[in-house]
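Engineer: Next come the chains, spelled out residue by residue.
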Amino acid sequence: MRHFINTQDWAVEELQALLDEAAGLKSRPLQPLLQGRTVALLFLNPSLRTRASFQIGAAQLGATAIVLEPGNGVWGIEFDSGKVMDGKAEEHIVEVAEVLSRYCDLIAMRAFPGFKNWQYDREDPLIKALARYSRVPVINMETIIHPCQELALVMTLQERLGRLKGKKLCLTWTWNPQPLSTAVANSVTMIATKYGMNVSLLCPSPDYVLDERFMKVAHENAASSGGRLAVTHEISEGYADADVVYANSWGSLPYYGDPEKEWELSRAYGRFIVDERKMAMTNNAVLSHCLPVRRNVEATDGVLDAPGCVAIDEAENRLHVQKALMLRLLGVAGR
Amino acid sequence: MRHFINTQDWAVEELQALLDEAAGLKSRPLQPLLQGRTVALLFLNPSLRTRASFQIGAAQLGATAIVLEPGNGVWGIEFDSGKVMDGKAEEHIVEVAEVLSRYCDLIAMRAFPGFKNWQYDREDPLIKALARYSRVPVINMETIIHPCQELALVMTLQERLGRLKGKKLCLTWTWNPQPLSTAVANSVTMIATKYGMNVSLLCPSPDYVLDERFMKVAHENAASSGGRLAVTHEISEGYADADVVYANSWGSLPYYGDPEKEWELSRAYGRFIVDERKMAMTNNAVLSHCLPVRRNVEATDGVLDAPGCVAIDEAENRLHVQKALMLRLLGVAGR
Amino acid sequence: MRHFINTQDWAVEELQALLDEAAGLKSRPLQPLLQGRTVALLFLNPSLRTRASFQIGAAQLGATAIVLEPGNGVWGIEFDSGKVMDGKAEEHIVEVAEVLSRYCDLIAMRAFPGFKNWQYDREDPLIKALARYSRVPVINMETIIHPCQELALVMTLQERLGRLKGKKLCLTWTWNPQPLSTAVANSVTMIATKYGMNVSLLCPSPDYVLDERFMKVAHENAASSGGRLAVTHEISEGYADADVVYANSWGSLPYYGDPEKEWELSRAYGRFIVDERKMAMTNNAVLSHCLPVRRNVEATDGVLDAPGCVAIDEAENRLHVQKALMLRLLGVAGR
Chain A
1 MRHFINTQDW AVEELQALLD EAAGLKSRPL QPLLQGRTVA LLFLNPSLRT
51 RASFQIGAAQ LGATAIVLEP GNGVWGIEFD SGKVMDGKAE EHIVEVAEVL
101 SRYCDLIAMR AFPGFKNWQY DREDPLIKAL ARYSRVPVIN METIIHPCQE
151 LALVMTLQER LGRLKGKKLC LTWTWNPQPL STAVANSVTM IATKYGMNVS
201 LLCPSPDYVL DERFMKVAHE NAASSGGRLA VTHEISEGYA DADVVYANSW
251 GSLPYYGDPE KEWELSRAYG RFIVDERKMA MTNNAVLSHC LPVRRNVEAT
301 DGVLDAPGCV AIDEAENRLH VQKALMLRLL GVAGR
Chain B
1 MRHFINTQDW AVEELQALLD EAAGLKSRPL QPLLQGRTVA LLFLNPSLRT
51 RASFQIGAAQ LGATAIVLEP GNGVWGIEFD SGKVMDGKAE EHIVEVAEVL
101 SRYCDLIAMR AFPGFKNWQY DREDPLIKAL ARYSRVPVIN METIIHPCQE
151 LALVMTLQER LGRLKGKKLC LTWTWNPQPL STAVANSVTM IATKYGMNVS
201 LLCPSPDYVL DERFMKVAHE NAASSGGRLA VTHEISEGYA DADVVYANSW
251 GSLPYYGDPE KEWELSRAYG RFIVDERKMA MTNNAVLSHC LPVRRNVEAT
301 DGVLDAPGCV AIDEAENRLH VQKALMLRLL GVAGR
Chain C
1 MRHFINTQDW AVEELQALLD EAAGLKSRPL QPLLQGRTVA LLFLNPSLRT
51 RASFQIGAAQ LGATAIVLEP GNGVWGIEFD SGKVMDGKAE EHIVEVAEVL
101 SRYCDLIAMR AFPGFKNWQY DREDPLIKAL ARYSRVPVIN METIIHPCQE
151 LALVMTLQER LGRLKGKKLC LTWTWNPQPL STAVANSVTM IATKYGMNVS
201 LLCPSPDYVL DERFMKVAHE NAASSGGRLA VTHEISEGYA DADVVYANSW
251 GSLPYYGDPE KEWELSRAYG RFIVDERKMA MTNNAVLSHC LPVRRNVEAT
301 DGVLDAPGCV AIDEAENRLH VQKALMLRLL GVAGR
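Protein chains in written order, with the numbering used here: chain A, 1 to 335; chain B, 1 to 335; chain C, 1 to 335.
Chain A on its own, in the form it takes in the complex:
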């Protein structure tokens, strides 16, 4: 039994096989290969694309996906072991995982970090607890990383650019009025280096560099794949000659759990918005974003509505890669 929690647990050849399967499903979407199978989707946080694409993807494969929102119509969950459960959570992940394993063939979970204690959150403890007790494969629908988004990103870039090795990707920080997680930034950095891209991590200051564990993984990926990773705080340096611009908002780890202070820090950096002037510095780059995107805050209407924006394609590809993933985890081959 295999989980899909972190792309780092999968060889690049395995990931590419998933993407090839996804391409087949994109051209032939209706294949009832999972008739009678069921998938539990546990959402501890909001979602549009993930929620819709897993439900619809399951249906297109003949399976049934059910949505469960702990704390909203479903009992709240305790994830830590050994706790005296006299607080708010009515139920432990042990029972959630074991019971759903009796009902379902797959369990997927979205569990954003708690924005209180990064030392706790950086271990990704919630999805690990689920995987520990689940008897069926577990899919990460975004925790402190977003591996399904990684697959969709690579699929989309391969569709547009062909081979990715040596192509420059500028991952640019953008301002956001809400404190956001580093999940997508971590994921883009890991997967782009794994595919041998030349990654420029553009952010306003050292306060916005990613956690050292993810920086280390990305450097190791780059070393193996022949890619590169460099941090810059200069907008022109990040965008220069980029083949891909990936826009993403994320919070500063030194200010983790202190949103007011981070607001004071970050509001000076609105100039990091992706706009036509910056895109003109690139090698006619495609622009992407994991969505949802705050228009005219993270990126202008102009660049989002331009033909070079592939965010909608990437969102569509979520559907295809997740279907390939469900088939793979259940040991079923598409036709």
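Hints were generated in silico from the structure; no laboratory data involved.
No experiment lies behind these values; they were computed from the predicted model shown.
Wrong hints could be hidden among the right ones.
Intra- or inter-copy, both count: the list cannot distinguish identical chains.
What the hints assert, rightly or not - Calculated lysine-lysine pairs in the DSS-like style (CA-CA distance at most 25 Å, straight line): (1) Lys-261 - Lys-88; (2) Lys-88 - Lys-116; (3) Lys-128 - Lys-216.
Since chain A is already given, all that's left is putting chains B and C on it; use the hints.
Structural biologist: For chains B and C alone, kept in the frame of chain A given last:
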């Protein structure tokens, strides 16, 4: 590609063809003509009938409908163009519409008016924004009008009364402790005049007359169809010789956005409740209501439980007309 | 037409036939015997197992179940007859039941007691109102009793212990930081006595004895079945020689509606936690719980993770018994 946003965009012959198809589906409900198709149901407001009947209707046709509630487990949506999105909404309707168009064959939305600014709401901007960016057909599940309810109403009245032309329909205002939209009142007035009925719009005072755009449409409909539209504030005049009484609560447009003041105004009008005494003035009329109905506030238990009440039939017919509509918008004919 | 509201309305032979059908479905879970059928699941309270198992069970039978949460995306419901509905509830159960009967083949509802007035709640008025107006079979998904849990409990005990007659079941009260209903305690007491078990109801004081109506039913059951029912406040007496320990938290009826006072009363009784020391007093008993369970408050990690704990099996069996029940209520036999 055709949307279903307003019955005024459809010729009466086209609507009647939908109703004929609905009658076929009522007698043969299980027809898997939409196998593998998917429908996204976007609910910005509560619903029982719409939510249940679209999900079940889709299932009876072999399709899958998914429920998405922006602001409740799904990101909040901005609908206006050109906005700097630094407020509450995380996502723009552009991306919602384009992404769901990649996943689904149909997108339906319920978006009640905002009860702040009628000049804004009267343009029905939310559903129009969805339709502008959607690449698949859009269905209006109630905005400032409720076209699916219109279809169900006509189907129900034709089942009971046969040809509707020349029949008198009294649309009576009823008191309600909550401020409510004019959507169903607008819709009943438009569709009844379109089908040549003699419509008596009964309301407590000129403050409760509908927006001039809907009054104008209804007068034009009546002119084309040989129907009539008259406003009255006299209960006896409204009910006299009616073949149909349609009860509905709606808010006063001059008091739009000021619920306390409207409460002061409206609470004097509790006598507009539909009761046995008033029904006795009619031509043995059938009574209907779009539901939910506040018993003994809008209408008495006695009239709601009487055999002449067709509100449950109308609710049932929502299922059949919506199935016909989904088939029509996807270009599939029922058997 | 038959409802499933209380196991007392069903002969033990009928219940056993359901359990035999459930065993067949456990070995052959995918049987599309309800193709095209639909089930409405009304949840007025949280749920994990019930929500997941009814949706998945319906899917495995080829049917579609939809979730409706009155008060959360669905209009709030008034259950009392004759009310002037000028309060919070927008819709009466009359219309909810009649409309859903037009759309669905089955209606299931979870409606916990209101924790204000036990004299009202003890009549189980909400599910009775639904059953009164529904034109299709109604399933109780927990009100002041939990009959689906009863079926799963018996199935699980029969799997482990064979014939239940004469076996000792200790139903032990456990402390809980939240005020909880007596539903599962009522249900365990009724069904265990109905199956001829020797039931020891262990609770801290006479304040925790169950409502006299359920005590009376259980005594009558015991008289017919050759079982026994005794109340004890001595931990050693309850556990001694037990074949089954069933842990459950429930509120004190004399303190109903007064959670602060009950907290004062109950917090002295934390020693009722199920632990290894107490389990050692039994006849190598199996331990069960309806879930969710608060670990290290109601029972220790040690006893919950021991091989004798059958709570997960009981949760799984919810799926099978409910599928058997849906087939039975719709008059369809499994293969």
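Engineer: Can you name, in rising order, the numbers of the hints this structure does not satisfy?
Structural biologist: none
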